[in-house]
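J.: Read off the chains here:
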Amino acid sequence: MTRRTNRLPWLVVALLLLGGLIVTGMWAPEFVDPPILENVAKDEYGTTVGGLGFFQVPGAWLGTNEYGVPLHQFAAQGASIVALPAAIAGMLVMALATLSGLVRCADVPWLDTVLQVFGELTGALPRMVVVVVVSLLLPYDYKYLLPIALVWAVLASPAAMDEAAASAGRLGGARFVEALRAHGFSATRIYLYHVVWMNLRPVIVRQGAEVMMQVVFLEIALSYLALASNSPSFTHAENMHSWAELLYLGYSAFLGREMGHALIASLILVAITAVMAQSFRFAARAR
Amino acid sequence: MKWWMRPLVRLLAAILLPLFVPAIITGALWALPGDPASIICPPGACDGGEALAARWDLDQGPLHYYSVWMSNAATGDFGRSWTLMSGSPVYDEIVASIPYTAMLVGLALVPLMFGTLMAALGWLPKSLDYLWQLVGLLPAVILALLVAAYVTITWGATFGDWRPVALRLVLGGLVLGVADGALAGAVMGTRSVFEEEVKQRYVQIALLRGESVLSNALPNVLPAMIGQMRGRVLHVLSGAVVVEVVVGIPGLGKLLWDGTLKQDFGFVLAATFVFAMFSGALMFTQALSEIAVALYVRRSPRGVLAEVQP
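Protein chains in written order, with the working numbering: chain L, 6 to 292; chain X, 5 to 314.
Keep in mind that the hints are not guaranteed to be accurate.
Stated by the list, open to error - Distance ranges between label pairs, derived from CB positions:
#1 X:G214 with L:G177: 29 to 37 Å
#2 X:V202 with L:G64: 57 to 65 Å
#3 L:L104 with X:G52: 29 to 37 Å
#4 X:G214 with L:V17: 46 to 54 Å
#5 L:R290 with X:P223: 57 to 65 Å
Worth flagging that the hints you see were computed from the coordinates, not collected in a lab.
Note that beta-carbon positions come from the ideal geometry of N, C-alpha and C, so glycine has one too.
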């Protein structure tokens, strides 16, 4: 008896989380609230020692920073920074992986070779080194996450393309297509349904979801490095606050500030991103 | 595709990579709005921009700058810092930073090699895969942050003591070795390669003859394993930029980041050139090993038989 894989719950979770990320990003305020110095934690001498925790201030359910600014606004702005670039980067990787798999099945040796050479060259350098240099070389008006995310996606694509091509190769490549043609199926049905949907989908979706997650983590890393160096971030405008800022605030909890809630909030956001990517992966897994 | 195509492409790419990377950066530098010399000497903030541009070879276009820079780099002269440490030789800083990055990468490879070996020998149960995957979901920046916090709390701002430096390196290496799916990739990647190979008839027959899987399958899986290992080293080098800055290790990645923030193309060019050299060397090694394995596998049957039946 074969056991049927139930993918629907994972798909629902994945779409809910992605939808939540995009909707939160769309609803993010352009500027966070001005400081409210009553909404901060103080010691017995009246000195500010951090922000207030979860639900301690009405309307600031993620707590506040040490100037009394609600942290959920930071989280919403962070979502608006990452949502679209991450989704686009994920889709780009999925498109390139699909192309690579189809080329292997279509038996176009020269294009297959071109794609493999492309993979060799783009995967030759450490990705972060390329991203840092690209961030430096981007003109000021383009210093946003999207171009960086696209570069990351292109750099990440060789692995996805290799895996998709290998999956198509295991399927039988051109012989698989030929066999289906003999059954009378149309080319569209063979390539889009039998090859991509039925066979390449697990690989393509997993790689796309992973790159989506990586782009979110990349944004956090780049913004955190900029914050740690007291410099403007390459990934967003100065009126915006990244999720890295929650992490940066949370770090001060280790040094005695009352900002543990910011650390927990940032870890929850990271966990949500990881769960979203894993849910997509499970939703697309093979039977 | 012929068997020699991939190694050949790799060999060519390995040779061209250190030449291309500075060329692209130099080209992009001139493509940016404004004069490159204005980065060192912003108009209005300092005088003598033209003389400075001439002294720094920035006055005769990108081709001249690139050719001078490359010929100097070939003799070990990476020029001088533009803004980060204005005027000081880049070479000294680069040379001082390389050991830290090398140690960090070396330490990161310990868990990776361990995972690879254990998976190749089949000593890691599949049931633990979820654990590696779970750990691999953690981004390097967060683990590095915890390491930075731990070292700061434990050692404070201690200067001149080797122990916090060593601790940063060891824990930073551990972070790079497990975060961002590094260990999970090593274990599961190795296992999947071996599992595919074990299904081959020759391995099954070898097993019936009482021989080990590893000794029979290794020559055939070696190219894939070397490719995976190169990918892992690149992955670790990529993460090293983040870990070095967050944990506070004065390596090549931190130098690159500091140079980027200050728009110091002197440092950026030199650091990326070293990264490109290292990546090229990895690619070169992979190509050579692929050729060696291919030649070994394609030896005449007489030679193989002589080895099997002496």
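J.: Can the suggested window of 46 to 54 Å be confirmed for the beta-carbon pair X:G214 and L:V17?
T.: 52 Å, holds
J.: Could you say whether the range 29 to 37 Å given as a hint is met by the Cβ separation of L:L104 and X:G52?
T.: About 53 Å separates the Cβ atoms of L:L104 and X:G52, which means 29 to 37 Å is violated.
J.: Does the hinted range 29 to 37 Å hold for X:G214 and L:G177 at CB?
T.: 34 Å, holds
J.: Determine whether the Cβ-Cβ distance between X:V202 and L:G64 falls within the hinted range of 57 to 65 Å.
T.: 60 Å, holds
J.: Does the Cβ pair L:R290, X:P223 satisfy 57 to 65 Å?
T.: 33 Å, violated
The structure fails hints 3, 5 (numbered hints given earlier, in ascending order).
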